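This is what each chain is made of:
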Amino acid sequence: MATVEERVKAVTGRVLNIDPKTMKASDNFAVDLGAESVQSVELVAMFEEEFGIEMDEDGALAVETVGGAIEFIAKVCKEQGVDA
Amino acid sequence: MADRKKNHRLVAVAEPNLLDETFDYDLPPLIKFDGPIIEYIDGEPIEFDPKSLKSRDIHITDTTFRDGQQARPPYTIEQMVRIYDLLARLSGPKGVIRQTEFFLYTKNDRETLDRCRALGHTYPECTGWIRAVKGDFRLVKEAGLKETGMLTSCSDYHIFLKSKMDRSQAMATYLEVVDAALEAGVRPRCHLEDITRADIEGFVLPFVDELMERSRQVPEELSVKIRLCDTMGFGISYPGAELPRSIAKLIYKLNQECGVPSSRLEWHGHNDFHKVHTNAATAWLYGCDAANTSIFGFGERTGNQPLEGAVIEYIGLKGDLCGVDTTAITELADYLRSIGLPIPDNYPFVGKAFNTTRAGIHAGGLRQDERIYNIFDTTKLLGRPPKVAITDKSGTDGVVVWINEFFGLEGEERINKIKIHKLARWVMDQYEVHGRLTAISNQELEAKVKELLPKYWKKYKAL
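Chain order of the listed sequences is X and E. Going by my numbering, the first residue of the first sequence is number 1, and it counts up by one from there. Going by my numbering, the first residue of the second sequence is number 1, and it counts up by one from there.
Hints are computed from structural coordinates only; laboratory data are not their basis. Treat the hints with care, since some could be wrong.
Here are the computed distance ranges between Cβ atoms for each label pair [as the list claims (entries may be wrong)]: (1) X:Gly67 - E:Arg4: 29 to 39 Å; (2) X:Glu71 - E:Asn17: 36 to 46 Å; (3) E:Pro454 - X:Asn17: 22 to 32 Å; (4) E:Pro16 - X:Gly81: 34 to 44 Å; (5) X:Glu79 - E:Asp345: 21 to 31 Å.
Since the structure is predicted, the reported quantities are computational estimates derived from the model, not experimental observations. Built from N, CA and C at the ideal position, the CB exists for glycine as well.
Generate coordinates for the entire structure from the input sequences, incorporating the hints supplied.
So, in structure tokens, the structure goes:
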């Protein structure tokens with residue numbers, strides 16, 4: 001089974017049209033990966049769908065980097081009893 | 001000049017200071033003063049107390065059916081009766097809108113007046129408007145009116161160039177008509193046409209002295225009123241401006257030097273230089289109790305002081321609604337649109353988009369707390385909740401505000417941005433992919449909500 005990191009990168013790659021292999025944990029969604037306002041919202045929606053979780057809107061949209069998203073999603077999965 | 005430099009320290013606070021003593025969301029923002037105003041007149045410093053506005057009987061008068069009709073095809077009798085009825089509701093029991101004036105020349109004019117009076121409203125009181133012609137008093141008397149306006153133009157442009165008289169002839173003619181009015185038991189309201197382009201010391205003050213002399217000879221209810229007509233919108237509100245354009249000096253001279261009480265002074269402005277609203281409020285400030293207005297500013301050329309603007313200003317100065325029913329402003333606008341009068345979308349208080357925001361960043365503010373981008377509680381005072389219009393600048397914040405408003409969701413029930421991402425994407429693609437250049441209509445968005453967000457549609461709309 002793919003790890004949280006692999007799944008986060010795969011979703012990010014799909015939404016932003018980027019090769020997941022080129023992504024680093026320190027990449028900033030907006031500055032390094034070019035995510036625009038609507039794409040940030042789409043990323044959060046796609047993460048929810050991929051992991052079967054509900055995220056707090058403000059908390060999720062405040063996450064800036066790929067590594068931050070991996071950490072945030074792993075924590076939400078744990079809180080909501082979802083296997084990640 | 002003294003060195004007035006000061007150091008200013010940041011005041012860090014735990015709670016925001018929203019200045020709600022001034023910006024009480026339930027009222028238009030209050031207009032507060034923290035000291036007197038000094039105006040130099042004839043070299044002397046004269047003090048005016050703006051705080052007196054709270055206790056003075058300042059009020060609004062209306063010329064919708066007179067100057068307002070000079071700017072458009074005539075209203076029908078039914079239309080005028082309906083407008084009058086709404087003006088009465090807006091005015092409230094204290095008569096904030098004190099009077100409105102009617103032409104008296106045609107059968108329709110007189111029938112309109114009769115039908116308006118038959119409604120039985122105390123305010124606005126119906127008054128007349130006639131030329132400065134003695135024979136016209138028959139019309140005023142027959143209509144049973146207590147007061148009428150009459151043209152007493154006072155600039156040399158009007159006296160010499162229009163009326164082909166000299167000043168002595170003009171004054172004699174006007175006084176003859178005033179005498180006829182007083183004799184007929186009708187209170188004359190002398191409209192000092194073009195006063196902001198007149199010789200104040202050489203004609204206006206001597207003429208008003210004569211009017212005051214006549215007023216002293218008659219009962220108070222007949223004493224002459226003075227309307228200062230800024231016919232071409234030349235009036236200036238700034239302290240230090242010169243006569244004849246200085247509103248402060250004009251009012252001071254009539255009020256203090258000629259002795260016309262504030263209760264008998266009225267300002268009538270035009271908007272040729274975009275100054276009409278501030279000029280009318282300035283007249284209130286310096287001692288003129290009445291501001292003459294017309295609904296939505298409809299009047300000759302660029303129009304008059306908008307009545308609804310004066311009402312909002314009045315509330316801001318008084319700090320209280322004073323019995324005014326502000327929702328009648330919206331009804332007046334809806335009614336005028338229904339009879340074909342155009343009101344621009346961005347027109348304050350009543351335009352279709354007056355409290356509609358388009359920028360996503362503003363919509364984001366509205367989403368958090370509507371007070372951030374709404375002037376006052378427009379839902380309560382005007383029946384108009386703040387709205388967002390969807391364009392390429394709206395962003396997801398704009399779309400989410402629109403959709404919550406569309407479904408009527410508040411508080412915890414509100415849908416968040418994440419849930420509407422498909423609609424936000426569709427909006428962005430309209431502009432980025434399809435090159436759209438127009439705003440997206442509510443009807444288009446509604447159709448897309450049904451298609452892209454069927455779960456919410458079913459929950460909130462298909463009930």
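Going through the hints against the structure:
Hint check: glycine 67 of chain X to arginine 4 of chain E, Cβ distance near 53 Å, so the stated range 29 to 39 Å is violated. A hinted range of 36 to 46 Å for the beta carbons of glutamate 71 of chain X and asparagine 17 of chain E is consistent with their spacing of about 37 Å. Between proline 454 of chain E and asparagine 17 of chain X the CB atoms are about 27 Å apart, so this pair conforms to the stated range of 22 to 32 Å. With their beta carbons about 38 Å apart, proline 16 of chain E and glycine 81 of chain X fall inside the hinted range of 34 to 44 Å.
At roughly 48 Å, the beta-carbon separation of glutamate 79 of chain X and aspartate 345 of chain E lies outside the given 21 to 31 Å, and the hint is violated.
In summary, the numbered hints that this structure violates are 1 and 5.
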